[in-house]
Every structure is written in structure tokens, then in C-alpha cells.
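Start from the sequences and build out the full structure, keeping to the hints where you can.
If you're matching them up, the sequences are chains A and B in order. The first sequence begins at 1 in the working numbering and counts up one residue at a time. The second sequence begins at 1 in the working numbering and counts up one residue at a time.
No lab work stands behind these hints, which were simulated from the structure alone. All clues stand as given, with none of them false.
One side of the interface only, derived from the structure: several residues of chain B facing chain A at Cβ under 8 Å:
id, residue
1, Arg27
2, Leu102
3, Pro259
Quick list of simulated restraints, FRET-style, between CB atoms:
id, chain 1, residue 1, chain 2, residue 2, range
4, A, Pro120, B, Leu56, 36 to 46 Å
5, A, Ser68, B, Asp144, 46 to 56 Å
6, A, Asp201, B, Phe249, 50 to 60 Å
7, B, Gly154, A, Ala164, 48 to 58 Å
8, B, Glu46, A, Leu212, 49 to 59 Å
To spell it out: a stretch of chain A is covered by chain B in this simulated footprint if at least three of its residues, at any positions, have a beta carbon under 8 Å from a beta carbon of chain B; those stretches are:
id, segment
9, 53-61
10, 90-102
Since this is a predicted model, take the numbers as computed values, not measurements. Idealized CB from N, CA, C, for every residue including glycine.
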Amino acid sequence: MALELIDVHKSYPMNVGRKHVLRGINAVFRKGERVGVLGRNGTGKSTLVRILGRVEAPTQGIVRSSMSVSWPIGFAAGFQQALSGADNSRFIARIYDRPVQETVDFVEHFAELGEYLNMPVHTYSSGMRSRLGLAISLAIDFDCFLVDEALAVGDTKFGRAFGARLQRAGLIIVTHQPSLVRQLCNRAAVLDQGTLTFYEDIDEALATYNSL
Amino acid sequence: MSGSAPGPLLIDCARQQVRVIGALIIREMHTRFGRHRLGYLWVFFEPLLLGAMISLIHGIRGNGSSARNSFEFFSIGYVMFFLFRGLMNRAGNTIASNRSLLFHRQVTLPDMFFARHIIEGVACSGVMFVFTIVGIALGGEAPDSPVKMMCALGLMLLLGQGVALVIGAATSEWEGIDRLVHAMSYLMLPFSGLFFMVEWLPDWMQEIVVWVPTVHIFELLRDGQFGDRFSANYDLTYVAGWILIPHLFGLAGLRLARPRIGLE
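Below is the structure:
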């Protein structure tokens, strides 16, 4: 089981001409791999995640998936801001055909939101939002979790629980923080100038990234 | 484009779409009417209040003795117009207010519209039922053919849906269109067929109003309500064209719009 990108290009229309964000990306993400994609600001990290999550279509190229892949989890992604964390959990459980109450119970236990679980998402801090998103996605349980930046994991109770959960699932995380990649991943790639380069050795990837 | 192997079965896709629409309906009810259980009653209250007011005004103006000025003529007619106008006016912000949900790949643009339309349709049939009962209680006769009335409501819903899909697709590209839509939805009120039967009009006006699709639906409604008391003129094939063609353009437009909508 894998998620595959074959010669993926993405460009957006600008006032004059087009902005080419991704220029021919080839990659295979296998089930169980924990891949960190490092990229500086504005290199197209979020675009890449959306294409991997198949919520945005590439301008050219093919995305092929034979495993269940989460939605792109980030600060705001996929939430209705006016609804509470619990309501958002229910909505997502419904569209992924998972038991609603179990999902809410899991999120309550895992996201450490306390009273905020029943408050509108727009009242959340960014850390709370990313915990909510991750908790819901863990409750749904995918073969591969797609994470866009926004991780307040670190060495917290939540971070350790999240890390433990990931031992039996795949992860693709795009970030500009080398420490996250070192903490969570067993494979790394660098996104630069619209192309993605894989490194079998994480230290090598970090060295390349730091020299950009 | 994206693909997956092996392809999912049609029945699974249908189940998924039903799930998504169901979840969208619940979500829409929460955002529009809050979390209180009684809040849902608002969905009925708005058309109920407006319909009652309109028919009251007309009842006073035309002493309310004949079917022509009766409570049920205006109240039920107004609910139908309210349905059509509601679908039209809400179409412009449907995509914007649901955009964050596009992060879930099973949520599609048409689903957002379908979910809203089901809510409006259920609310208006409920209110139509209430007005029918009230009409009888006020001394009117029972409807001649409730089935025809329900068909009229269904056709109005579909007509509004087609128009809403087109407006939704168009506003995602040109936002200004939404302003025009609101003005148009008011301007069309006198021509909609809500206030008249075609047979009451002079010949030259009849020839013009039969081009308006809602006129045919109102004629069907009144045929169901009053039977032989009026002679109704409607051509349902003409209405079907007005339903199918906008659906075709609207769904195609939304398909074109989807890759152009940014995800924040």
C-alpha cells in the first residue's frame, strides 16, 4: 500500500502569468513510513500536502493512492470555526462513517481541551486547534497521517501519546522545523525550487536543508 | 488528475454521498439555528410568519370571501415563492461558508447545495401543511389534489436548485453576481405567478407570463388547491427544461470551479 506522485506539477494563475509552485515531483510514500518533508517558507509545502491529500488537483501529473490518507491536518484545516470542537468531531466522524460518540470521547480524552471542547473553534489557540485536528484524525484512524506544519507536540503528554500512536501508522509531515523531523520521522526529504529530493539518511537531509 | 485502484463501487459512492449530505444538514442546522433544540423551529417560523403576514394583507384588501382572495391562495403561494427565493439568495454564499470543509475530499460542492435545499424543502412542506390545515379551519375547502400540490413544491425545489447551482458556480468566479441575484429575486415577485392566475390576465399579458417557469408551477399548485374553481394553464415539459438545463450548466460549472477554489 502506498501513496504515489508521478510527475506532479502545480501552478497558480497570477496577475501576470502563472506561479509554478511544484515542478515535476515523483515520490512514493509506503504504508508505515514516517516521512518528514523540510522546506523553507513559501516553497510550496502546503500545496504539496493538499495534493497528497487529494483535496487539490495537480495542474499536471498523477496522484495514486492505495491506502487511506487523512485530510491535511493543520491549524485551521477542515474545521467550521463557528462550531465547537465536539461538533466538528461529530461532523468528521459522520463523513468518515465512524461511531460519533466514540470519536467525541476519544477527542475529549486525547486533545486535552477541557471546557473548550464545547466552545467554538474560533476561540481556540493555535496549539489547541492542532491538537483537535490530530485527535480527530487519530480517532478516525488512517493508514497515513498528513500533517501540515502546525504541530505543538514536543515533549508534552500529548506529544508522547501522539508519538506512541504513530508507531503503528504512517506519517507525512511538512515543516520548517528540523527538530520535528528528527523526533518523529524515519525518512526525510527536502522541498526546494519546486522539486522534492529524498535522503535515506535524516542527518544528510537536515544538513542539506540547513545549507539552503 | 487523481485516481485510485481498484475503483470504488457506485453503491459505495452513493452511500458516501448520503452520509456527507446528512452530516452537512446537521452542521447547517447547528450553524444557522444554534445548538438549542427549539432553535430548529426557526426554520419553520420564518416562512410561517411571512406567509401569514402576506395573506393577511391580501385578505384585508380584498374582503376574503372568494377563493381569489382567500388565505390559502396567498399563504401557500407565498411559501412556494419563499422557497424559490431562499434557494436563489443563499446560493451565492454556499461555497464560501462551507469552504473549510473542502479539506475533506469526500465533501463536494454540489453536496453543499443539496444539503441546504433539503432543509429548505422540508421546512416549506411543513409550513405548507400547516397553512393547508389553517385554511380549512378558516372555512376554506380541503385541497382538491394534495398530490398536485406536492408535485408543485417538488418542481419549485428542483427549479430553485438548478438556478442555485448556476448562481453558485458563477459567483465562485465573479462575486458581484450575488448582488444582482438579490435584486432580481425581488423584482421577479410580481411576475412569478404568486399573485395571479393566468386566466385573470388580458391576452397580451398571458402570452408574456407563460414564458416564466414559476408561473406554470403556481398554476399546478392552484390546480391542486382549488380544482375546477379556476382553469389552470401549465406545461410541465417546459418546466422540466428549466430544471434540467440549469442543473446541467450548474453541475458542470461547479466541476470547473472546484480546482479554482483556494483552500485558505
